[in-house]
Each structure stands twice: as C-alpha cells, then as structure tokens.
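K.L.:
Go by the hints and put chains B and C onto chain A.
Listed here are the chains, written in short residue letters.
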Amino acid sequence: MQVPAHFEYERATSVDHALALLAKWGSEARVVAGGHSLIPMMKLRLARPEALVDINDLEELAYVRLDGDALAVGAMTRHADLLASPLVGEHYPIFHEAERVIADPVVRNRGTVGGSLCQADPSEDLSAAFAAVGAAAVIRGPDGTRQVPVREFHTGPYETVVAPGELLVEVVVPVRPGGWRDPVQGAQRRDRFEAATGGISERSERGWQGPGGGSAYEKVERRVGDWAVAAAGAAVWLDGDTIGDAGIGLTAVGAAHFHAPEAERFLRGSPATDAVLAEAGRIAAEHCEPVADQRGPADYKKHLAGELTTRALARAVKRARGEA
Amino acid sequence: MTTVEQPPIGFGRMHRKEDARFVRGRGTYVDDVVLPGMLYGAVLRSPFAHARIVSIDTAAAQAHPRVKAVITGQTLEGLKLAWMPTLSQDTQAVLATDKVRFQGQEVAFVVAEDRYAARDALELIDVEYEPLPAVVDARRALDPDAPVIRDDKEGQADNHIFDWGAGDEAATDAVFASAEVVVAQDVLYPRVHPAPLETCGAVADFDAVTGKLTIWCNTQAPHAHRTVYALVAGLPEHKIRVISPDVGGGFGNKVPIYPGYVCAIVGSIVTGKPVKWMEDRSENLMSTGFARDYHMRGEVAATRDGRIRALRVKVVADHGAFNGTAQPTKFPAGFFHVFTGSYDVEAAYCGVTGVYTNKAPGGVAYACSFRITEAAYLIERMIDVLAYDLDMDPAQLRMKNLLKPEQFPYPSPTGWEYDSGDYPRALSLALEMAGYEELRAEQAARRASGSDGPLMGIGISFFTEAVGAGPRKHMDILGLGMADGAELRVHPTGKAVLRISVQSQGQGHETTYAQIVAEELGIPPDDVDVVHGDTDQTPFGLGTYGSRSTPVSGAATAVVARKVRERARQVASAMLEVDPGDLEWEKGRWYVRGDQGQGRTIQEIALAAHSSLELPDGVEGHLDATTVYNPPNLTFPFGAYICVVDVDPGTGQVKVRRFVAVDDCGVRINPMIVEGQVHGGLADGIGMALMELIAFDEDGNCLGASFMDYLLPTSMECPSWELGETVTPSPHHPIGAKGVGESATVGSPAAVVNAVMDALKPYGVRHADMPLTPAHVWRAIQGRPLRTDLAIT
Amino acid sequence: MKITVTVNGDERTADVEPRLLLVHFLRDTLGLTGTHWGCDTSNCGVCVVWLDGKPVKSCTVLAVMADGHTVRTVEGLADGATLDPVQQGFVRCHGLQCGFCTPGMMMTARWLLDHNPDPSEDEIREAISGQACRCTGYENIVRSVRWAASHEREVAPR
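Protein chains in written order, with UniProt numbering: chain A, 1 to 324; chain B, 1 to 793; chain C, 1 to 158.
Chain A extracted, bound-state conformation:
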C-alpha cells in the first residue's frame, strides 16, 4: 500500500507547546489532527512536510460548550462528538445534519472540526455550515489570539488565513434568539430550557421550539461517504412571516468563501414564501462558478447550488416556525 515519505514527528502536549514546535519547524511543519485528509495526501506524496506536529493529545481543545452567547467548538472536537452533542442540536441542527453526511462514522471518530476547516478542501461540509451561521475562527499564534470570520477564513482551495506558526484553536458560533431544538432529543433539555426561560416556549405536537430561528443542511453525494457534489447550509431568523436575517453556506460549487452574500441580502426583509426562497436559490446559484469533474458537470452543480439552497432554506424556515 502507499506509504508516506520520511518526516520528523513531534507530539504537542499543550497549545503553547504546539506553538513552540510550529515556531521551531517554521513553514516545513504541518499540524496533524485527525489526519484523515493529510495522511492520505502524504501517502500519495502530494504532501511532504519535514515535520508533523501531532496535536491529538490536546484534550483542552476538545469541547463543545456555551460561552456566554456563543457556542464554542474546540478545534480538536471530533466529528463524532459534534454530531453527538445535544447542545449543538439544540441551537444549530445544521451541524448535526452536516456531520451526519461527512465521511463515515469511523472516520468521524478520528477527524476533527479544526482539521476539516484547515484542510480547506473546496468540497468540505463544515466550512459551508459555519459560513451559513456566521461563525468565527479563533486562531492562536506567537503574538496572541485573533478572530477571523469563517466567511473570510478560506483564501483559496486548500488555503486559509492560518499562517505558519499559528494554530486554529476554536470556532465560535453566535447563539441568537430563535435557537431550535430537536423534539427527538427528549424532554430533559426542554424542561431545563423552560426553567431557564420561565417557560416562554410553546409546545406543539411535533415537539418544542423556541421562537424565530432555524437551520438546515442539504447535500447531494454520489454515494454515502463521498465528498459533496454540492451542498448548501442555511440559517434563518424569522420576524413573524418576514425573514429577519439569513445565512447561506455553499460547498463544492465554486462559491467564494463558501458563502452566498447576495442571496442573503435578498432574503433579509423578504417574506418567507416559497417564491422568495426559490429566488434566493436562483441568486445563490448565479454567483457560483462550479468546475466540472466526475461528480458532475458545471450546469448540474450550478442547478444544485440553487436547488439545495432553496431546500435548505425551506427546512430552516419550517424549523423556525416550529413546523418541523
């Protein structure tokens, strides 16, 4: 089988240690987290770092928690843990839906949120999901910590703003009124939330939801576990029947920064009707420049960009209305 070329191996024991190791090796070093993108590329000898800095022992970066009014996801959070997190499902079902279609369950046991973002594959799912919800990347370097919106994180295929010597440590997602929770997740958290909010929520037969917000992810793949042919993530916040705010992320369709700002602008202040959502999809697709490959021709991918945007928006709206 294919095997990597020689490299030196360093194991970081803390974030500070990791930064020191990265400083020591400079641009010849690569950080390895789950390794499920990097190691295959090294086996193909498309990547030949001189040194690998292994951050798998950095338990301090493996968490999903509420930090004030933001959902904080540590960079070393495994995909499986993001998928299993009730907190994530409560606020942003888009992440559960995206995670459910990232690679396969065994790969998700190893692959990490930070690794996926930093690999910056143009077909990567979480990049679109984080772009949709307006998340920010927290990057640490020798000079301290900086935050970069995920919508500005990617500078090109396989390229990000993370400089040599820096480490992505966390992704923060603002939690806004209108978080929604999955009825399947059970009554426990509902009760907890109601206790915390004084029971402002409504109950419905289908479950329970807070007012106003919803999110969803739609992906077409040739087969389970494949990279996206195209995928769209959407988050909406309703103000009555009007769309107060919306976020749209797209992957694999040549959307700059995995993002559809024109469609978002169109949606803000528009009524949440089928026609409006369809038009938003059309606008999103119009600004995509997909490339043909064996997953599909460009016209199809462009079509999917619109179709999946509309579908994701429709489900997000339903959730925001507590209808799904």
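Honestly, the hints are just simulated from the structure, not real lab data.
Just so you know, these numbers come straight off a predicted model, no measurement behind them.
No false leads were mixed into what you were given.
Below, simulated DSSO-like cross-link-like pairs (lysine-lysine); rule was C-alpha separation at most 30 Å, straight line:
1. Lys273/B / Lys212/B
2. Lys17/B / Lys495/B
3. Lys273/B / Lys239/B
4. Lys318/A / Lys655/B
5. Lys2/C / Lys24/A
6. Lys80/B / Lys330/B
P.N.:
Frame of chain A; chains B and C shown alone:
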C-alpha cells in the same frame, strides 16, 4: 435467519467450516505470508497513457542503501522475459521497453529490504518520456488517423484486434426487413473494475539449490498459472509450486498473470531471496483486469403486439493496450452470443469488433460469466426500450416472449443448447413477491397526483446464464482444456480428504465440497477435509471463475465420491460375503438387498479396505479414487429480478427501495451459501448501475484510480434483499446443480437501470447509460444524458 | 523512535520510523495479521481497529500517534476459546465470505453493541457505512449484528 444447530450429512444449510479461522483473524492471505529474509518489491508505473521511453536511469535507486535490485525492461530482455503471452494469444509487456501504452503500465521494479524503502526508491528512478497522442475513445480507435498503439506487433497497422460474429446474419437481416416494428438503441456497458478488497499480490521464492520456485499468489487459477510460468520462463513445471492461500475476493480480477508476479519471480531469482509484491489500491484499479467496456448497438425486430422476432447487435469492444481477456480460445467475445437471453426469437446475429486503446488491458472479469453480463444487460435494456416504444407493460412483454418449459433443451439461434428451465414460473414468482400490480397502482396514483415528490420506478430483468465452462472439445484457455480433476481418499477411520483443482475466494468450498462428499458417501461434512489452492497438493484444473466451480469441480467431486462408493461396494461385498450386485446403498451404508440389518457403514468399510481382509481379484484395496470431469454442456441458471426505486427529480438522486430476486440455480448444495452469493451479486448490480465507473480523460488519465473515485456501494445504498427460488435441476450435472456465483451480478444491473428509466418515463427518457449518478439522472431528465466513458466536462 | 502501545491488553514496545502506519505496525511489527488493508485513502475500512476504545481506520493513523494509547484488534475479540457474540453472529448468519472485511466489520459491530445494545437495521447499516464488503451485499452482516445483539440481551447479558 440462517442458523443451523445440527449440520446435515449432505445438502442443506450448514455453517461454514472456514469461518472458524476468519472470525478470529486467523486467515492467511498472501500479504500475511512472511518468509525468512524476505524482500519487498514495488513497481514504477507510467504517468502517461501513451509515450515513447527515451531513457531510464536507475543509478540513484541502485545506490539506495536498502535497495537490493532494480529491474527494467532491459534487464528482462536479457532473460527473454520483457514480453509475456496473454490469455488471449496476444503479448503484453512485463516491463515496458519501447513505449508505454496505458497510464499505470509497469516500467521498472525495485526490490528492497522493506516496503517503505522500495516505495522511496521508485522516486529515485528517472524516466524520460516522449508523450504521444492517446487513443481514448474506443469508437474512434479505428479511425484512419488514430495513432497505432501496437507498433511492436509485426504487421499491425491499426488498432484492430478481431472481428467475430455469431448467429445467422442473413436470416436475421431478412426478419428485420419484414418486421412491423424495429427499435434500436446505443447501449454502453462502461468500464468497471472487480475491485476485490484484497489487492493482487505474490511472494516468489526461488531456491537456487533445488531449482524449485514456490509462488504464493492470490490467484483464482493456480494450476493454469503454474503451466503458464513454465511456458513463459522456461522453468520445468514440476519445479514450480503455486500456492493460492486465503483469497480476499477475486471476481475475475485474480485470473490473469500480472507483470508484478513475473517481476517478483525475477526479483527472487536475481537476489536469491523471497520477494513479496503487493499492489496498492491505485495500482489495482489502474492496471489489473478491468471489466466490460462494451459499446453496443442493439436492434429488436418485433410485431406490433410485442412478439420479438429477431435481435441484431453490433459491438465495439475496448480491450485496452494488450488483448489480455481471459476466455475460451474460440470465443474472443466470451459468451456474449448468449445475448438472445431468455426469449424465443426466430433469428439473431451479433458482430463484435475488438480494438486496442491506451487503457489497461482486460475486459473479462467482475463476475461476468465471460461477457454474459454485457449480453444480459443489453437484451434486458432492449426489452424495456421496446416496451417503451410499444407502450406495453415490461412484465407482460417479457412473459409473452419467454421460452416455455416444453422448449427445453432449447437450441438457441446463436448455437447454445439451454439445458433446462421454467422461466414463466420464476417471473411469476418474482412478480408475486414484489406485489407487482400494487406497485404499478401506487406508481399510477403518484403520477396522477402530480406531486413533486420522488418519482417511483419499477424495473424488471430476466436473465439466462451459461456457466461451467466447459466441454473441452469446445473450450480451452491457452490450449488447456477446461476440465477439472478431483481426488478423494477415505482414511482407515472413515475420515476423508478431498483434493480439488478449484480455488475459493470466499465461495465456501471447504464447506460445500465436503457436503457433496457427505451427500454421496454419508460421511459427516466435518469429517471431510477439502484441500485446494496448492498445485503440489491438488489435481490439475483450470480454477474458479465464470461460475464454473460447482458445475465442473462440484460435478467432479460427486463423480469421484461415487467412484469411492463403488469401491466401497466391492469391499463390503467381501466383508459380507455376498455378490456386489446384491448390495443396496443408503446414505452412508451398503446393505444386503432384502435384509437391511445386514450391512456395513462407510466407516467400517474404510477400515476393512485398509485391513488384511482378502479382496476379490481386481479390487485394489484402500478407499480412494481420482477423476477428471469433462462437462458435456454448460449449465444455464436463470432468474427474475425486480427493483423498485425512488428518484428525486430535483437532484437526480436514486434510492433503491426494494429488490426482489428469484434465482433458479438448480439443486442448492448449501442454500445459506447460495443466498449469500446472490446477495453479493445484487450489491454489484447496485454498484454498477449507480456509481462504479472507470472513465478516462482525453489524455488517457484514469479517472477511477482510488476508492475516492471508484465508488463501491455501501450498506446504505443496498436495500434488504428479498430472495425467492425455484429449482429446475440441470439434467446433465451429476447432482443437478447449475452454479450461482455470478448470476446476480449478471442479472441485477438491468433491473436497477430499468427501474430508473421507468421512473423517468414521464420525462420521455428512454435510455441513459450506467452509471446513473445523480448528475447523470438529472442530465437525462434535461434530455442531455452524459457520455459516461469519457471525462465529464 | 521508540513507542509503547497497549495492544489487546499487552504493552508492546518497538522502535519504529515516524511514518510507519498503524496497520503496518500491527501486521508487520507485531504479526497481528487479522487486521487487513485494502485501500490507501481510508475508504474501504478493512483496517478498522479500536484506538482508545473507538473504531478508527488504522491505515490513516501513524503508529507513533498510538504511542501511549491502547489498541484493540480482532485478535482481542474472543475471550480465550470463547468467541465474542459478534464473532458467533458472523458464523451463524453467514456474515462473511472471503473474510477480508470481516475483522473490521466485527470491530465496528462490537463497538456499536457496546453503545447501543439493540440497534435497528438502519443503525447497523449506518455504523458500517464506511466499510466496504464485496461479497455479502451487507444483508447477512446486518443479520449477524442483530443476532449478536439479541443473543447478548437474552442469553449472555454483558
């Protein structure tokens, strides 16, 4: 649930004997073989599809401290091994000398102390290439301006390999000329790959002192390999031992001899050490036996009321850069000429043209029964095309044209004699199991409702297989007749050892062959050890592919067991002091006719056969026999499959909702194993119909060279299979069995494609080629289907 | 570099190159050949073992990354001569043919049952969806896992 408490003495459900080691991780696959001092080989491959080799510089690789040898085509030329014969009487470069002719072709071989060093050393070899234009599109391979790929061959001025036809062309044309209805359709069966999860590999160990060469190799045909090595390398055949250990799936991928095996042998001879070579996955997908790549044009002549009168087919067969297909010599298109399938037609003709392209060699593999996959797919697609044009129900159209039970044995218009069948019964059962009428009603209701939900499609295929190659007067590979030997020895205590020529790649031979012996002799299957896969230990035979094990070697086993039973009768007659003619057999025992209490068990007879018991003149004693089974005809398994799909018109995604499979493979030795074989083949059908594909871009770059690109179906795409069976024994097989290994792979792709086409019928879609990926389905709905053998642009 | 990995309960120490893949460490260094490899891209899943109690694809983990951690392979599934119910299920329900994907499938199945003692057919299918089988069409693998689940609940509660 297939659970069995008490194993049967003979046929029936029984847990597999081989599983005890497999579930403990104690199987021995070729990469598990480790010999003292063993070295590791790696192959340097061409990045170009077509290029002249200007120079090869191996100095830096030779200088690598852990490298023991670097072998190039030049080295092999000195040994007269640079080229080797293929299984189709062509030649194939072992290591390229003049040109490279496909991407991934073998150029050099490094032998090093470990796998990692061998891989490193490949990067130190400097090859200068002069790229040439590549022939990628099979349909343009014979264009006058196409570059000539095989300029190594004397007198080869183009890319033509063969023209071959079967059937009566004039009679067929005459029917077409007078037909009420003629439908025609171009149908591509694209290039796919068997992709067994274990890649191909070998460990070669040449002992210079004894002159003995031992090759562990995961081959499906160890005896054929031994003979070919003897012919190629000039080594004496009795000094070659091929051991095929546990094999991690074959599906036809592991029939040919690959350059890597020859390189490992040369490496061992050169270094004096055992040499292991294992492909990586890309090497497997890029260079070893692919399957199909048949560009077909089918035509059907019929009456207006749907009676099929004649079939006409033209094929361009893409064989790649070397004609390396493995099939009986007389049949360069394999058994494709069984394309009239299960239907009663007046006349039929097929014409097949084989061409060279700048792609990997192969074509006959992936459970194809020597190209019956292509034939069955074509005819079943054409039936649905006819149904579409006549606006007839495809089930009714099939029922109307199926052969009737009283027509068997049926001489087909292309020269076959189908042994037995009851086709309407199988189709009726499948329709009943599926609830066909209800499904059609549901579909009609959904279409009438005008909802924008998923499109429902129902697809049928009916297939006739022709397996168990084959009668030696018609069938040989490289001159080796396709008969198989068997050898059975019953030890004094009544335990037996069966030695067979075929080799399991998961089919469970250690169990089913023991059951055949058990059925014939009454010895519990656990008391029968099955030895296979070692040419020093087993009789000659051509191996396991083309679903031939049960029809040929299974028959040999029954025959040899019956020979032993006859010997046992002689011994029993001496024990009981009665005339052999006065003895009657019941399972496991000879007894005196009219006095059932007077008898001897097979175990008692075995002991007596080895004792001092005086035997009549001419009875040798001991309890053993050998046989060679030369099948009188092929066997013809058949089946009826129904697939139900839901298609999302907005995305083109296909979800297989149900799959009903009724198989008739004659007598079932172990129904549990038969069902397992069918399950696997049905998954193949999902794979080929929906995702598996090796396409090439205009430069000849392989676009299916890893499991990220070559998609295997997972548990999520496969529904829970619904199986049914009918049993029509083969009249000429000793136990009435027909073989089933490839039936489902042959029969299932058409059912899936037909279901998707049925779903798209409201859009006016009559045909789209495999694989029906979401993109392709969506494009078909748009009226712009893709050409799937070329890169999507 | 020198690494120590606890494999099936035993501490195993070896001097390895940093680039050595975990699957090769298990197979070639330790001789535990029950774990197979089938692709280079972490798609096929025949190399699945447990790392720190979770199934991972060992062709995409470096041996050095397992230093100081625990690994469980198919060889660690049976309790002496007694097969794990998952192994029994695969035998009883014909969950394997060529046997090549089987160790990886069983490791995932064992993990699934440890976390979900009564998985539905869909849950089983999803759990093994990153592991290919070319022989069984998955049907009998699903049945094998279901058998093991019901056997554990009814006969041998764990």
